[in-house]
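First to last, the protein sequences are chains H and V.
Everything in the first sequence is counted per the working numbering, starting at 60 for the first residue and increasing by one.
Everything in the second sequence is counted per the working numbering, starting at 60 for the first residue and increasing by one.
Keep in mind the hints are simulated off the structure, nothing from the lab.
Mixed in with the good hints there might be a few duds.
What the hints assert, rightly or not - Here are the in silico distance ranges between beta carbons for each label pair:
1. H/Q154 / V/D198: 24 to 34 Å
2. V/L80 / H/A241: 43 to 53 Å
3. V/R111 / H/R195: 31 to 41 Å
All C-beta atoms, glycine included, are put in the ideal place defined by N, C-alpha and C.
Protein chains: 2
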Amino acid sequence: MGRWEPNARGRLERAALDLYLERGFEQTTVAEIAGRAGLTERTFFRYFADKREVLFWGSAALQEHLVDAVAGAPDCLAPIDVIAGAVEVAGERMQERREGARRRQAVIVANAELRERELIKLANLSAALAGALRERGVDDPAASLAAEAGIAVFKIAFQRWIDDDDRDLTSLIRESFGDLKAVTAGT
Amino acid sequence: MGRWEPNARGRLERAALDLYLERGFEQTTVAEIAGRAGLTERTFFRYFADKREVLFWGSAALQEHLVDAVAGAPDCLAPIDVIAGAVEVAGERMQERREGARRRQAVIVANAELRERELIKLANLSAALAGALRERGVDDPAASLAAEAGIAVFKIAFQRWIDDDDRDLTSLIRESFGDLKAVTAGT
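Chain H with its partners taken away, still in its complex shape (with noise of 0.2 Å):
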């Protein structure tokens, strides 16, 4: 019967990477996250199924938003572009929070599990936007072509993000689909 605490998972997801980051993944417990956090290991597994879940409850929104976004494209977009509209869109959700995301990402880089695991939520990601733009109408391979490409364009430009201070997300992704684009004509 945990009293309501205002903003918990904010609170448990800062104290968690806060831990993660001093101590370790592997080495932090969720007792210690709660206590960080001031709150109840009851009220932590109100938000969150485990540990490695305060770094992944994002993935089933993100992957909404870009399913949503290829569905709602306009019918004369060529597929990459349905593409890379769905991943601007999700760039420009995630613009203000980039220290979280360096944190987040600063935390998954220092372990193989968590590598693992976010290489699969990106190959979900790719095959969700594959079978988004198969409901559009678009056959494979193009559809899984696209998925790809825009999966790969996301990745380098979420690290070029994180890696700058003074770029902005959405127009990284804008730039690296231009990159790819001139990349795969092979001039």
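Mind docking chain V on chain H? Use the hints.
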């Protein structure tokens, strides 16, 4: 002091694939694989560290071939054409082993841990290809984008090859690079 056994690696590999397909990867023991191959567990461990390695021992050689092909490509080629050439060479080497590749793929698709391992393998191949391009003086993001695009094409061409008896892998790779070019051009 095991005696020399002719083609022990190949016999163990076939026995392992048979058993993984018959009863599942998880349910198969090394003792059963060795028994099916008419060899000892000791012989198994001379070739493979564990039962997962039976499915992944080829990745190191694959990576080496890809990196060598990138390093040895003519200077005049654009990065994407360097990658396309390397992936085609890898495809040629796989061409005669479609039945084994198909059996291996069926085992991997059926098991979450193996699907993750396969994603990691592909991510490592992409990183190795990007590194080999940087060695040639290709800057990022072009190096990473060309490498990611090459692995995306490989994945898609490989799946088409597994699904379609009448096509050879090299021609599917070549065709898929063309498809990618058309897709990213947005036409």
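ask   = Which hints, by number, does the structure contradict?
value = none
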